[in-house]
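Enquirer: Just so you know, the working numbering puts 163 at position 163 of the sequence shown, and the rest follows in order with no gaps.
Note that these hints are calculated values from the structure, not bench results.
Here a beta-carbon is modelled for each residue, glycine too, at the ideal position from N, C-alpha and C.
You may find that some hints are simply not true.
As the list claims (entries may be wrong) - Simulated DEER-style distance windows between Cβ atoms:
no., residue 1, residue 2, range
1, 113, 238, 31 to 41 Å
2, 195, 63, 28 to 38 Å
3, 103, 63, 17 to 27 Å
4, 53, 156, 27 to 37 Å
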Amino acid sequence: MSKPGLRDHLTTNLLRILPQHLLAAGMYHLTRSRTPWLKNLLIDRISKRYGIDVNEAADPQADAYPSFNAFFTRALRDGVRPIADGAVVSPADGRISQIGSIDGDRLLQAKGHSFSLEALLAGDRAAATAFHDGVFTTIYLSPKDYHRVHLPLAGTLRSMVFVPGELFSVSDATTQLVPGLFARNERVICHFDTDLGPMAVILVGAIFVGSMETVWHGEVRGRRGEPTRWVYQGDQRQSFATGDEIGRFNMGSTVIVLLPRGAVAWDSALGPGSAVRMGQALAAATAAGEPPAA
């Protein structure tokens, strides 16, 4: 991870004063335009600029998509992302920003920067305690990546939280310049129960990414001033297999996965900067197959 330069400092300071949510709202409407020439132009320009591999898409033809957002969140062809057996898998295509252990309640954001579990989980102390000294990974999705999010490990949905917040960029430079970035940006926290204990999958918004959705709820929105929580009980508690789709970003951003202490051992070949694909093995369960008792 390179050290931020002058341009990075200037861009980050500009983001502090720009109307982030207004920009996100403008991008929301632009990317949902159904005007054929406009959406085809957006698809063509963005595909060329970022080198998007449309051959992996279920439908590689731009004309098949009613809007740029439909193209951006496109499905892939069957078989292009095999799901690893018996492993915790990558929830998305992207690049690992951080991977490792949680130090007490602190997660590493970038060299010299950390943030607390409680802040990340919107002040939920009980949820945060479950992951003390646990493990985590942070995966950044660039504009060229496949933008659907899948479950890293089979589990049953317990709750979801929409946390309003800022919409800073989540680039390498910004993670080094904005303290507590992932605990400040808008995000959707999804809690699951798994055979290895509790698991949280967190979709973090970013500049131009003021819209996230899940397969059980659709587009997730809530109150602007405080977190909005949904607790699922009875028939509402959906179960998902490893690799099942659970949500999508309506532009690029970041996914954070939390697991409890002793649950898994990360693949030692992976580290910050490693490119990963959805379904790729990230970790194996520990010999015990479950986290130690609290």
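Enquirer: Run every hint past the structure and note whether it holds.
Expert: Going down the list of hints, with the structure as the test:
no.	hint	in the structure
1	113 with 238: 31 to 41 Å	35 Å, holds
2	195 with 63: 28 to 38 Å	44 Å, violated
3	103 with 63: 17 to 27 Å	51 Å, violated
4	53 with 156: 27 to 37 Å	34 Å, holds
In the structure shown, a violation is registered for the earlier hints numbered 2, 3, in ascending order.
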